[in-house]
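Enquirer: Take the sequences, apply the hints, and build the full model.
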Amino acid sequence: MPPTLLPTRSTWAGVLIGIGTAAFVDETVFHQLLHWHHFYDRSTPAAGLVSDGLFHAFGWFAVVIGLVMYADLRRRDGLSRRRLTAGVLLGAGVFQLYDGTVQHKLLDLHQIRYGVDLTVYDWTWNVLAAVMVVAGALLLRRRA
Amino acid sequence: MIGMHAAHSSGSAAGLVPALAVAVAYVWAAQRLRRRGDSWSGWRTLSFVVGVLALGAVLQLPDGEFTAHMTQHLVIGMLAPLLIVLARPFTLMLRVLPPSSSRRALLRVVHSRWSGWLISLPVVAVLEAGSLWALYRTPLFASTQQHPWLHALVHLHVLLTGLLFTFAICQLDPVRRRYGLLPRAATVVLTGAAHAVLAKSLYAEPPPGTTFTPADLAAGAKLMYYGGDVVEIALAVVLALQWYRAEGRALARTQAV
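The listed protein sequences correspond, in order, to chains A and B.
Here the first sequence stands for residues 95 to 238, numbered as in the working numbering.
Here the second sequence stands for residues 576 to 832, numbered as in the working numbering.
For the record, the hints were derived by calculation from the structure and aren't laboratory data.
Where a beta carbon is used, it is the ideal one built from N, C-alpha and C, also for glycine.
There's no promise every hint is true.
What the hints assert, rightly or not - Some residues of chain A that are not near chain B, with every Cβ distance over 12 Å (derived):
| no. | residue |
| --- | --- |
| 1 | L99 |
| 2 | T102 |
| 3 | V123 |
| 4 | V227 |
Claimed, not checked - Computed footprint of chain B on chain A, listed as stretches where at least three residues anywhere in the stretch have a Cβ under 8 Å from a Cβ of chain B:
| no. | region |
| --- | --- |
| 5 | 146-157 |
| 6 | 164-170 |
Expert: And the structure:
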């Protein structure tokens, strides 16, 4: 029996890995290594904390489940690499866009960096996120 | 004045003795199974022994500081329950007990309606998250610093809710009702979020009636936040591997046809 690709499952594995990776990069690079992001801002409203808590908890779970789904797809010879890559870009892009607009701006969770003019940082952050979303969507639609 | 009133050691040897006794009982039971030719993974024995000894050891910490208290909280409520549940103590007991009235009684407990209710996902989630919020956001926490008996009772409660929660999520031992991956994953994410939100709020505002230093409070809150992550990732790995094995069995069945 020839292996059959599982495109939908490949996409979802990618989305979960993408969300988890973006959350992981945010946590390690910006919080722990650069110390740009603050653990807590006194002005953060309750909704900001709840949103952060949910995404934080979901991010870890997503990356673990996503990686195990990837292992399962490999075992079945059902992995569509194109769909996986598209999923990773979409997941990471949507998460970063949400983080950069809703969490940083709307919910005032924390800023990208403190003591500097934020315009450049905010635009870089969100444009990069939008580029990932668009690239992921295009890759998803492209015919195999 | 720094920290709480008198830094009292919570457990002394009182915590270590029962921990050692339970560990010895587990090792004895596992040895009995092996001697009669059954297999019982050494990893389970190791997990159990490390779990209960960590429990006994962490009770020896003086908990005058918030950071020390949080270390206890993480070990008693999350890490030790995980290690104990991974060792499948009920499965071991059911296998080692001869067909007898005590084995039947144990089975009745495991399969009873009330134990099924007690380890249903909504109940364990509310117990786990609700207990934490009640402890840190009411004067309860300040009271435990003044009354050793209340302090011991809260420790016991944290341990029991942690065990129930982990037991319900992992579903490794026989239970009355089985849940799929999705509701269990959702429960872990939601309680993990409640844990993270509470940790961040403690960073800014101590439990009512306490006077921890800001540095101690901040360190304790971060320990709670990231320590909670470690246990959440471990739970995610347990659930993901259960799914991976189930998929593998399904795959083997289709290939066999």
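Enquirer: Each hint should be assessed against the structure and marked as holding or not.
Expert: Right, here's what the structure says about each hint:
no. : hint    : verdict
1   : L99     : 15 Å, holds
2   : T102    : 15 Å, holds
3   : V123    : 15 Å, holds
4   : V227    : 23 Å, holds
5   : 146-157 : holds (count 8)
6   : 164-170 : holds (count 4)
The structure meets every hint from the earlier list without exception.
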